[in-house]
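Trainee: The primary structure of each chain is shown beneath.
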Amino acid sequence: MAQVKVNINGAPYQAEVEPRLLLVHFIREVAGLTGTHVGCDSTSCGACTVLVDGVPSKSCTLLAVQVDGGDLQTVEGLERDGQLHPVQEGFWEEHGLQCGFCTPGMMMTAVALLERNSNPSDDEVRRAISGNLCRCTGYVNIVKAIQYAGAKMRGEPVTGAAESAA
Amino acid sequence: MIPSAFDYAAPQSLSEAISLLQGNAGQAKVLAGGQSLIPLLKFRLAGPELLVDLRKVPALDHLEERDGHLAIGAMVRESALEHSALIASRYPALLDTSSVVADPLVRNYATVGGNVAHADPANDHPATMLALRATAIANGPNGQRTISIDDFLVDTFETALAPDEVLMELRVPRPAAHSGSAYVKLERKVGDYAIIGVAAQVTLDGEVCAQAGLGLTNAAPRALRPREAETFLVGKRLDEESIRHAAELAASAADPVSDLRGPADYKRAMVRTLTTRALRLAAQRARQA
Amino acid sequence: MAVAVQGMGHSVKRKEDPRFLRGKGNYVDDLKLPGMLYMDILRSPYAHANIKGIDASRALAMPGVLAVVTGKDLDAAGLAWMPTLMSDKQMVLPVDRVVYQAQEVAAVIATERYIAADAITQIDVDYEPLTPVVDPIRALDPSSPLVRPDRENKTNHIWHWEAGDKEATDRLFEQAAVVAKEDIYIPRIHVCSIETCGCVASFDRINGKLTIWMTTQAPHAIRTVFSLVSGIPEHKIRVISPDIGGGFGGKVPVYPGYVIATVASLQTGRPVKWIEDRSENLQADSFARDYHITAELAADADGTMKALRVKTVADHGAFDAAANPSKFPAGLFSICTGSYDMQAAHVEVDGVYTNKPPGGVAYRCSFRVTEAVHAVERMVDSLALKLEMDPAELRLKNFIPPEKFPYKSATGWEYDSGNYPAALHKAMERIGYQDLRREQAEKRARGELMGIGISTFTEIVGAGPSHTFDILGIKMFDSCEIRIHPTGSAIVRIGVQTQGQGHETTFAQIAAEELGLPVANITVEHGDTDTAPYGLGTYASRSTPTAGAATAIAARKIREKGKLLAAHLLEASPDDVEWVDHQFQVKGDPSRAKTMADIAFAAYTNHPQGMEAGLEAVDYYDPPNLTFPFGAYICVVDIDRGTGEVKIRRFLAVDDCGNIINPMIVEGQIHGGLTMGMAPALLEEITYDEAGNIRQGTFMDYLLPTAMETPAWETDKTCTPSPHHPFGAKGVGESATVGAPPAIANAVVDALSHLGVTHMDIPIKPWMVYKVLEEHGLAQP
Ligand SMILES: Cc1cc2nc3c(=O)[nH]c(=O)nc-3n(C[C@H](O)[C@H](O)[C@H](O)COP(=O)(O)OP(=O)(O)OC[C@H]3O[C@@H](n4cnc5c(N)ncnc54)[C@H](O)[C@@H]3O)c2cc1C
Ligand code: FES
Ligand code: FES
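Order-wise, the sequence lines are chains E, H and A. Take the first sequence: its letters are residues 0 to 165, numbered as in numbering that gives the first Met the number 0. Take the second sequence: its letters are residues 0 to 288, numbered as in numbering that gives the first Met the number 0. Take the third sequence: its letters are residues 0 to 780, numbered as in numbering that gives the first Met the number 0.
None of these hints come from the bench; they were simulated from the model. A couple of the hints might just be wrong.
With a straight-line cut-off of 25 Å between C-alpha atoms, the simulated DMTMM-like cross-links for lysine to aspartate or glutamate are [claimed, not checked]:
no.	chain 1	residue 1	chain 2	residue 2
1	A	K153	A	D349
2	A	K88	A	D134
3	H	K188	A	D134
4	A	K23	E	D80
5	E	K4	E	E28
6	E	K4	A	D760
7	H	K188	A	E713
8	A	K31	E	E17
9	A	K646	H	E15
10	E	K4	H	E15
11	A	K716	E	D80
12	A	K562	A	D575
Since the structure is predicted, the reported quantities are computational estimates derived from the model, not experimental observations.
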């Protein structure tokens, strides 16, 4: 057994775990944060994507012990003070999700992309999310959602595809 | 998919790492980025008793030019290569390679050292290292040694490293003036291992090829250097005709197998196509250099 | 003043999204119950083998392992086999034989997921390998190994099914000036929703109630089947389908894992969770397609189509566990005359057993419609080549003319409405068809290769009229229950189940439109058999045609009562009250009006003497017919002469799904459907080697498209409402999956047609194209 101590979304978590415990299971089952999903067993789908020290990472292909001492961010940490993150807002406004299963991972990748590149081209967005599979949306609206978020973060005016509820 | 149980250590020093490896003769595995090893553990295709994680071992993540070569610490991530100005300006084949290995998320962990040490003929860096004539620096109980990349890559999943040796660094000679390099990969979809990949580096003397390096991914049981093609190019004008002929020689050197990525004769033809394209691109870059 | 309801035609922001965006969805694997146990399944490495013995003693000795369930245990309880939806039976766990690779062999129940995973490696199974048969054509040879010796009929042939008029068809073929013929294989594929399948079964010993949270698209049907099979009374079973991470047809069947987990919970009295891995999902869960088709299309010399003849061998794997309406073993495959006016057609399908996993589910499509559309759309292009006619022109010449609707097809379907030329003209104009043809000619002259592919498909969705359609005897109606609360908000409960289609929003919009209540004030609930009205579930694009209609009708029932209440409040005769602009008003006097909120309040506080209190209604809707969405798709591809890679340059989809509830959601469904149409055209397939080993058992080889392979889809629409649907809608979730594959295949064949290519099987892989280029000296690095 090994000690793992991490911060997730700013809150400390500590547990005695088997070295083989996958990070995604630490997040879902030890920390109880089930927004991070598992969609495959071959490191292909990205449903498990979280930020480890700001870096988007497939948490199914990391051991919890490997990130001991790390600072993690999951989908649950995106909203701040009751305010959706621009990426969350973009996914809502542009209908960037259908079943929602890939969405947390997809959004974490998008957050990291926009931190590094505040004004990506559509092609750069597509390249950045190429490790995240979505079976429902066909990606077009995901690209729009990320562009919406980028524009919003740059302080530009934004309009989404959706009308808001009355 | 859940790995079977193992022990884990994250030593603070190289000597500690080596003695852990030595003390668990053959039952320990080095863990770098884990992007090849952890999937193998999950599918229970590997079952080491101990993982020796290099993440705390100092001085393995440098990426800089020293004494006429580029030093790539074994723990340098693909993403570091991909976003390095130095790599972009002087080692375009490495940039090409690091931006087509796996997908962007895997690249945030996968290390260049692990990519070469894993010795999977489907991995992209071995071919590039062949074309760039890299050397590997290893360290073990008997100290440090330097191994040419040709000697380092022994067979499928087999390198010259002893079980208690750690790959420390890959050294890529700084390209001479008027050099250009490229890596061209054909894949079934983004994130896939190569159907075929070809790395090329040429140095021009006017229009004449002064030096040539080539490496092939997934064209044989190990990353392959098509020697005859390299030899042929040296001293030739680097025009379409000599490029095509070199590509032909590379294709005949290839020894691919039929699998889901295509029949063997298709793959051989792809060695021809991609060698042509890699050489064209390398030559074009050399002219601009 | 009109009420702002955001009903039909509004791109309302999805009501379900706030929880998904925050990581607060409730998927099955998110559930954690006190005392919960975990199940893992040991699977067969062989495609065909006798099981001589199973020794689980080492596994049972492991700390944390509570039980190992085998076929023998289930057999003792009469549960080793279960019925399929197609009057066949299927092993839950084998007693003495496995019949496909990755078949369930035994299950471990343990206190932790990791322990269960370890324990399955400690079970020793003594297999005696048998020769498998993997090719369905070979399987029909009497000398082939028998897949199902348990059946009375000692053959691998399951059934023969046909539709249409054989004699008339044969006669037309004899007279035809031109006949195009192709062998078309539509490979086995897998839906691969990003969430795999699983369940938590929880049996409460005290009150005798079994609750199962399950990744299912059809919770009510599951409840009934479980009750019939287990003998547990139906009111003691509750099936909850919580948030589902994509379904596409793969979550319609009952998988052995659900049954074993349930048995384990019954036995232990503790909740049991089973979540399959992706490889298990891909290797053992229901596949789609796997149709070996020979199709012939007869025409006059001027291109007038006469008749279609189709013979198909359908590979069903080891059990016929297809998810089709009972009377339709080949689904709605006989829709294969498509959008064309033909005098006759004859379609035959033979179902065959092989040593492969069972299935035959949809893949984001209505029952076998994709197979039908692919066959006919490929044949039209093949015929065009024979006639040396432009494929668009040939289509326009043979479309069922708009004035012929409702149209009775040669195989007996009555198409509700359509305007095919309008859709194709729109697509051709928007994409610049003639310019593309010119560009193609110029490029060909230079040896460059581009292709233009058309698909003008007709779908058939919304099963179905219950006189024809049932599943295991349960008629295929669907349902809605609406309750309006005193302060003017409402709850809508439906018998269908969302897996991402946005029902919580669109059904609220339907109700809003019909009731005049704002969308924001309407909650939609579904997926819990204890609260939702009985329904057949969501698949085959049936939600809007069936439960959507039920919602409108239930709302209209409420409006009838509302009218009486309005008359009471307005002190007018009910005959003088009308429904205008989402409210009741006295005829000709807009100043005397009552909103539905007013009515709702009155229904509980001020209803007339003699009237029942409350404002609610239920409707079980039995559609008079299916609906027939259609579309015209055009795809432009470029071919890399050095590698044979096909690059989709443009893809335009003009869809017609009748009246639209939420345009944003419809467009999203089309984008997704197009991507799932492209995937089998260029990337996805499941194949087996001679020994029955799957070749694409993980996502490393089963190639789901990423954002990089997926083009920036272009969409447009025409609108031809369904005349028989209460609000003229047709259903859209799957049109694009159905229509896209032939558009892409046709484009690639078009690019190579001058080289004599008339057909290529999908998925079209670079090496297949390269081979053609090489043979014609067109390959160039
Ligand atoms: C989905 C997916 C797709 C991929 N696609 C590609 C691709 O297209 N092209 C490609 O090239 N790769 C691909 N990879 C592999 C990926 O790039 C690997 O991670 C990489 O090859 C190995 O690097 P690593 O740091 O992850 O090594 P690890 O997984 O940590 O180690 C791999 C092996 O090398 C040994 N090792 C590692 N470092 C050292 C060292 N310093 N000294 C001694 N031994 C060492 C380990 O013991 C182990 O045996 C893919 C991986 C995934 C998961
Ligand atoms: S779960 Fe699929 S990549 Fe992590
Ligand atoms: S929204 Fe369902 S997988 Fe992306």
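Trainee: So, for every hint listed, does it hold in this structure?
Mentor: Evaluated hints:
1. A:K153 / A:D349: It holds: about 16 Å lies between the C-alpha atoms, which stays within 25 Å.
2. A:K88 / A:D134: Distance ~22 Å between A:K88 and A:D134 Cα, so the pair holds.
3. H:K188 / A:D134: Measuring from Cα to Cα gives roughly 28 Å; hence the hint is violated.
4. A:K23 / E:D80: Between A:K23 and E:D80 the Cα gap is close to 17 Å, so the pair holds against 25 Å.
5. E:K4 / E:E28: holds, 15 Å
6. E:K4 / A:D760: Given that 25 Å is the threshold and the Cα spacing comes to 54 Å, the pair is violated.
7. H:K188 / A:E713: holds, 22 Å
8. A:K31 / E:E17: Holds - the C-alpha atoms of E:E17 and A:K31 are around 20 Å apart, at most 25 Å.
9. A:K646 / H:E15: Since the Cα atoms of A:K646 and H:E15 sit roughly 52 Å apart, the hinted pair is violated (cutoff 25 Å).
10. E:K4 / H:E15: holds, 23 Å
11. A:K716 / E:D80: Status violated; Cα separation ~41 Å.
12. A:K562 / A:D575: Holds, because 10 Å separates the two Cα atoms, which is no more than 25 Å.
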